[in-house]
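Visitor: The listed protein sequences correspond, in order, to chains A and B. Number 239 in UniProt numbering belongs to position 239 of the first sequence; there are no gaps in the numbering. Number 34 in UniProt numbering belongs to position 34 of the second sequence; there are no gaps in the numbering.
Worth flagging that the hints you see were computed from the coordinates, not collected in a lab. Do not rely on the hints blindly, as some may be mistaken.
[Stated by the list, open to error] Okay, the calculated beta carbon distance ranges per label pair: (1) B/G200 / A/S427: 49 to 57 Å; (2) B/R372 / A/V421: 47 to 55 Å; (3) B/N119 / A/S123: 19 to 27 Å; (4) B/G200 / A/E193: 37 to 45 Å; (5) B/R372 / A/I375: 38 to 46 Å; (6) A/H349 / B/P259: 25 to 33 Å; (7) A/F260 / B/R114: 50 to 58 Å; (8) A/R135 / B/R114: 53 to 61 Å; (9) B/G200 / A/R542: 28 to 36 Å; (10) A/K128 / B/N119: 35 to 43 Å.
Built from N, CA and C at the ideal position, the CB exists for glycine as well.
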Amino acid sequence: MKHLLLTGCLLLALVTTLPAASAGSVVSEQAAPSATPASEEPGGNRQVLLARLTRASLRESAEVLDQLERSGGRAMRGLFAAMLAGDLYYHRETGRLMAVQKNPAGERIGSDIFTGEGLGVQSRGSIKKVRVNNRLRSHLRDAIARIDLMHGTEAQKEGAVLAILDDLSPQNMRLLQVTADAGQSDRVSELIELARAMVELRDSSVTDARLSAIAVMSGRLEAPVRNQLQRLLDDERESDRKIRIAAQQSLEEIEGRIAFYDFMEQLFFGLSLGSVLLLAAIGLAITFGVMGVINMAHGEMIMLGAYTTYVVQQLMPGAIEYSLVVAVPAAFLVSGSVGVLIERGVIRHLQGRPLETLLATFGISLILQQAVRTIFSPLNMPVVTPGWMSGVFAINPVFSVTFNRLYILLFALAVFALLLVTLKKTSLGLNVRAVSQNRDMAKAMGVRTEMVDAMTFGLGSGIAGVAGVALSQLTNVGPNLGQSYIIDSFMVVVFGGVGNLLGTLVGGFSLGVTNKFLEPATGAVLANIIVLVCLILFIQKRPKGLFPQRGRAAE
Amino acid sequence: MTTVEHNRSLFGNLAGALAQLRAPGEGSSLLVAILLGVTLLMSAANLLLPAESPLYVSTYTITLMGKYLCFAMLAMAVDIVWGYCGILSLGHGAFFALGGYGMGMYLMRQIGDRGVYGNPDLPDFMVFLNWQELPWYWQGMDQFWFALLMALLVPGLLAFVFGWLAFRSRVTGVYLSIMTQALTYALMLAFFRNEMGFGGNNGLTDFKDMLGFDLQADGTRVALLMATALLLALTFVASRAIVQSRLGRVVVAIRDAEPRARFLGYRTEGYKVWLFVYSALVAAVAGMLYVPQVGIINPGEFSPLNSIEVVVWVAVGGRGTLYGAIVGALLVNYAKTRFTAVMPDGWLFALGTLFVVVTVLLPKGLAGLLQRGRTTDAETRGENNTGEVSAGDAPAEPITGEARA
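Let's have the full structure, built from the sequences with the hints guiding it.
Guide: Shown next, in the form of structure tokens:
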């Protein structure tokens, strides 16, 4: 468990680190005895050590690593990190060390440990992994923490101090002392202060000093703080009542804050699910809500959007970072034009016959699903998450949000706002509203209703496609992607009130949040069922949804 | 249940439509006769002829036929509510599956200690999940009569509660369809859970015997087919009696113009609820007959796709005609069997195209084609009828008219 936590912290530090930033960090030479000038000499001792590393037994490796750390200092961080992650290989013939990672196509791509320069595709037989065991891994983690403390970026330093909170050995405390003397940012100094307080509480016998240590610790969310306070309260030998009471209070405060952040986390998950539902339902809110067309192929429009993302990524493998930016308009066009085709080809002939429309569009959804199965494959397609979408945004040690969910939440809101503006401010929007309120009258006033129908349906389908791009980042992209959203989307639209876009927004988020708050008590599937049943009952009570349309537009 | 004021003029207005509904009556009897005859012949050919004979019918075919007839019964159940009352249920598979689970529970208990774990009380999957005793809702399911009762009672009650809530608050048209779909979807999710105690993902299977007869034996298979055919004929006759009775006429009136029927003093929701419950019971019977023949029931039967497929059988055959539903179910399922054998990938394409073509070009299905070919007289009458039907909020298409594609 401890190891897991440590790895978590370090991974976090790794992820948030930008390579460019580390070069610029201020290094105090006297505070970093390990960064000897030897690291500037190419070849020499270090090459020997590196060569030894490939041949050394697991036992010898530890010593080699120590020597490398002493001679190389921060230059060795990449090597250690790769070794810790199990990515470190060496070439069987040249003995050259490299970090090897698989690309999405499954090829092994090597890169230089120190410069990051690409070494091209490596065949499986030509390279051999440098062996690591658990003892070496903990050794490596310590070494990385030391390097980070001395030379790392702010985030790396923070991660390193957090790792040390778990292991407050005298040696680590000396390291912290050296770091603190070098002058650090507020956050890092605060953490170092916290580490000192924890040591004080543990080792001191002066009540006042320990009380002030508890005061420093109270309200901190780091797991080791909580553990230490808990241990202290559990310890029979701790007889000082004042300390016990202070510790108890402090622990309660911490737990109160954790409960609050747990609530926040659940709220965020709920909003995130809500944003997914909203994205899936927005397109339907137009085709079903505004036009009154039951489009059972709506889910497949989402699916087409997700597959467009996949195709775009296949077409531009060198620029995955920008693929989503290209995929959004592409998906809009693909799904939108398929939507226009469906409207022109089928739905137009079924005007005013909603049940038939439902059946025909269901047929279309079957055809689209099978088409995707035939063209691609029945299996899920790998869609890559760009670097800027992955990662975690840690607000504090117990509450963090993943970037992809955060972005998708914002994206859903943006799409919604854009659509609202389109419907309220543009001439297309005006026409759409006119046709949906009174088709005959709109026609009499010169609105080309047929054209408007096609455009509206295209718009709704296109937005579904855009939703597909976002969903491809959260779920598996397969032929059944759309099916899993169709019932939920209809429920959101009906719940919010047909023909009311704001209702869809409120409906999506309230369903998402309700679902996530039920989940801890009932489990995911049962929560889903309960929400569905409640919705069915709700619609019986209020058939027009949360925000029914009033006035002339209603009929 | 309610006192109904009779209003003759309404029936007068709908006389044209009714004349047309009754017209295929003789044809329907013919269908039942053919059905029973074919079943008997097939059974005889299976039991009496030697396997080498060119006329021999394999047990596989017998079972397949039994399966088709179950589907036909399910299609008829959907047709009763959709074709005659305009309630498009996308969740009839739920009633079918509930009936099937009722029968499956009985068959499961009949396995006794012949299961893999040899536990005399608990079905295998419960032993596997470390359950210590039978859940309360499994009690008594080893009695055939009790299982039958439950397999009818549970879907019936569900249909009653759902229908009572929905029709009383006047949820109609597409909303109702989507809600029925949500219902079966929710049930599917529920039955996929192991904690529900219905075998989760794998459902109920490995049945050994029924009422003491070995389910694998040819004789049992034939008996099951005959029972299915007989019950199909029985429900067909009963359904025809219902749709041709006074109640049936009111139901058709509700389909074509619900507000008008309501203004005339009919409690439309009452009619709809009872028709819905009847239809659910027919679906449940079909499910009960289905499970012993195919030998498995799992949550997949609840999937919305299955329910909606039934609707397409009815649409192909021609809704608003009971024989149309049966013919549609038989034809589409036969096509499915052949199609999936020849080119498995093509089936969904074909089914999807069928949905589109039938709804756009053939709103009355094959029965519509048949009728149009038979009389030009009916056509003129049909046009008169379209005039009668208001373009109000009644979602259903008038059966007559508009098929002139």
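Visitor: A separate judgement is required for each hint: does it hold in the structure or not?
Guide: Checked hints:
1. B/G200 / A/S427: 49 to 57 Å: holds (55 Å)
2. B/R372 / A/V421: 47 to 55 Å: holds (50 Å)
3. B/N119 / A/S123: 19 to 27 Å: violated (55 Å)
4. B/G200 / A/E193: 37 to 45 Å: Taking Cβ atoms as reference, B/G200 and A/E193 lie about 54 Å apart, which means the hint is violated.
5. B/R372 / A/I375: 38 to 46 Å: Holds, since B/R372 and A/I375 (Cβ atoms, about 39 Å apart) stay within the stated range.
6. A/H349 / B/P259: 25 to 33 Å: holds (27 Å)
7. A/F260 / B/R114: 50 to 58 Å: Since the Cβ atoms of A/F260 and B/R114 sit about 57 Å apart, the hinted range of 50 to 58 Å holds.
8. A/R135 / B/R114: 53 to 61 Å: Holds, at about 54 Å.
9. B/G200 / A/R542: 28 to 36 Å: holds (35 Å)
10. A/K128 / B/N119: 35 to 43 Å: violated (53 Å)
Violated hints, in rising order: 3, 4, 10; the structure is consistent with all others.
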